[in-house]
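S.K.: Listed below are the residues making up each chain.
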Amino acid sequence: MFLAKVFSKPDKPKMYYRQIMNEFQKQGLGSLGIVLIISVFMGAVVTLQTAINLENPLIPRYMIGLAARDSMILEFSSTVIALILAGKAGSNVASEIGTMRITEQIDAMDIMGVNSAGYLVMPKIFAMVTLMPALVIVSITIGVIGGLVAGVASGVLSFTDYEYGIQYAFNPFYVVYSIIKALTFAFLIMSVSSYHGYYVKGGALEVGKASTKAVVYSSILILIFNLLITQLLLT
Amino acid sequence: MIEVKDLKKSFDGREILKGISFVFEPGKINLVIGQSGSGKSVLIKNLVGLLDPDEGQIIYDGREFTGLKFKQKKEIRKEIGMVFQGGALFDSETCANNVRFPLEMFTKMSDAEKQKRVDFCLNRVNLDHAHDLYPGEISGGMQKRVAIARAIALNPKYLFFDEPNSGLDPKTSLVIDNLIKEITVEYNITTIINTHDMNSVMEIGDKIMFVFEGNNWWSGTKNDLFYADNQELNDFVFASDLFKKVREVVNAK
Numbered sequence: 074m075f076l077a078k079v080f081s082k083p084d085k086p087k088m089y090y091r092q093i094m095n096e097f098q099k100q101g102l103g104s105l106g107i108v109l110i111i112s113v114f115m116g117a118v119v120t121l122q123t124a125i126n127l128e129n130p131l132i133p134r135y136m137i138g139l140a141a142r143d144s145m146i147l148e149f150s151s152t153v154i155a156l157i158l159a160g161k162a163g164s165n166v167a168s169e170i171g172t173m174r175i176t177e178q179i180d181a182m183d184i185m186g187v188n189s190a191g192y193l194v195m196p197k198i199f200a201m202v203t204l205m206p207a208l209v210i211v212s213i214t215i216g217v218i219g220g221l222v223a224g225v226a227s228g229v230l231s232f233t234d235y236e237y238g239i240q241y242a243f244n245p246f247y248v249v250y251s252i253i254k255a256l257t258f259a260f261l262i263m264s265v266s267s268y269h270g271y272y273v274k275g276g277a278l279e280v281g282k283a284s285t286k287a288v289v290y291s292s293i294l295i296l297i298f299n300l301l302i303t304q305l306l307l308t
Numbered sequence: 370m371i372e373v374k375d376l377k378k379s380f381d382g383r384e385i386l387k388g389i390s391f392v393f394e395p396g397k398i399n400l401v402i403g404q405s406g407s408g409k410s411v412l413i414k415n416l417v418g419l420l421d422p423d424e425g426q427i428i429y430d431g432r433e434f435t436g437l438k439f440k441q442k443k444e445i446r447k448e449i450g451m452v453f454q455g456g457a458l459f460d461s462e463t464c465a466n467n468v469r470f471p472l473e474m475f476t477k478m479s480d481a482e483k484q485k486r487v488d489f490c491l492n493r494v495n496l497d498h499a500h501d502l503y504p505g506e507i508s509g510g511m512q513k514r515v516a517i518a519r520a521i522a523l524n525p526k527y528l529f530f531d532e533p534n535s536g537l538d539p540k541t542s543l544v545i546d547n548l549i550k551e552i553t554v555e556y557n558i559t560t561i562i563n564t565h566d567m568n569s570v571m572e573i574g575d576k577i578m579f580v581f582e583g584n585n586w587w588s589g590t591k592n593d594l595f596y597a598d599n600q601e602l603n604d605f606v607f608a609s610d611l612f613k614k615v616r617e618v619v620n621a622k
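One line per chain: the protein sequences are A and B, in this order.
In this text, residue positions in the first sequence follow the numbering used here: the first is 74, and each later residue adds one.
In this text, residue positions in the second sequence follow the numbering used here: the first is 370, and each later residue adds one.
If you are wondering where the hints come from, they were derived from the structure by calculation, not from laboratory data.
Wrong hints could be hidden among the right ones.
Residues of chain A clear of chain B, computed beta-carbon distances all greater than 10 angstroms [as the list claims (entries may be wrong)]:
hint : residue
1    : Val225
2    : Val249
3    : Lys282
4    : Ile293
List time: in silico BS3-like cross-link candidates among lysine-lysine, alpha-carbon distance up to 30 angstroms [stated by the list, open to error]:
hint : chain 1 : residue 1 : chain 2 : residue 2
5    : B       : Lys438    : A       : Lys82
6    : B       : Lys414    : B       : Lys442
7    : B       : Lys443    : B       : Lys485
8    : B       : Lys442    : B       : Lys377
9    : B       : Lys438    : A       : Lys87
10   : A       : Lys282    : B       : Lys414
11   : A       : Lys274    : B       : Lys485
12   : A       : Lys274    : B       : Lys414
13   : B       : Lys442    : A       : Lys78
14   : B       : Lys438    : B       : Lys485
15   : A       : Lys87     : B       : Lys540
16   : B       : Lys440    : A       : Lys87
All values derive from a computational prediction rather than experimental measurement.
Think of the CB as a built atom: it goes at the ideal place given N, C-alpha and C, for glycine as much as any other residue.
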């Protein structure tokens, strides 16, 4: 019902376009910093942990690079980044829309005859779904670079080994799989968070609760869909 | 003109509106007064379509509003302006953009025409200097005036105000009251105000409905108030010593 309202025909496409551009700016620039920081550290830590666990001389050192690459592509850059964004963007959206609800801004739109759910939520979902694959690609790249820096700087493997490892047995479908997950998670984060914000009743306390619920439910759904998509696409 | 016929609304089995009937007249300020919890806000929310009544009819100039789908209601809603208690301005937009919003959404005006209309509306509420200010940067009274400017941007036929003077000092309240009065007469708007403010009632109330326990308990003009022998109405309107004395003076004449 809520999503039917969100995706009904826009009243004025030009206004929606402006909202989408605002959301690109807010969500894209707002999320890029945290994605970069988390990715570089995740790549570094994965590389060092893999190095510690691959002490066996029969296992070549370049496998560390391969493990770091596949960990970033398969799980960290899509799932972990999505969980972080569920916390950051999800709570932000739920509280923004929730505050608009309790201060009657949404009622004001409804009385004018504006489809408030469509006008407020659709641009957020569209922007996040469009941006998330790009953020995942950035995260993979930065994570692999973080692994390289940490691995080489700590002396656990050479630049050549790492470079060879990240190119070894590369399966492009893993990237497709990661992007499919990213698209799904982006939709879940924005729709679940917007829903909780849109239907808030009460005051500031309820907005806080809605924000928490948005993060909890979207995180749980991300984990469930992660399992389902993996089962469907990789097994 | 807005006709309300036998309007009923319940929440969880509790009857809030028990069959209200009334006619809100154009070019006049129609006041809905009553104690907190009497059903005034529920009535207003039904009138503007934020709630759907369980029974009864709401008729806007011969057009039945009750039971319409969202898209059908939209046509009537474009003729409705509403000013909320807190203003309900979009806080991420400037005052000018708040006023421009309905114009962007529902008109095919050129940018220059929209700008002209925004300038006119803000000028009408004496806020020429507030174009680029955000709602958070202006006072409560100014926010109400911006909200009025936004509400009149599309030349509405029906204007609703929910507690327009709450949180305002008496002088600013008077400014808002006079503004509402001028706009109502100037554009022949059907204005409906939900209020507790007895100063407003005495100042601008052309037609008054007193809601008590979900019923239209009494209706009349502000002059009729002084001679009404309705106990509940008198307990509400003349609760303060000041208004008791005013009534004594009026009745003594």
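S.K.: Against the structure shown, which of the earlier numbered hints fail to hold, in ascending order?
M.R.: Numbers 11, 14 and 15, in rising order.
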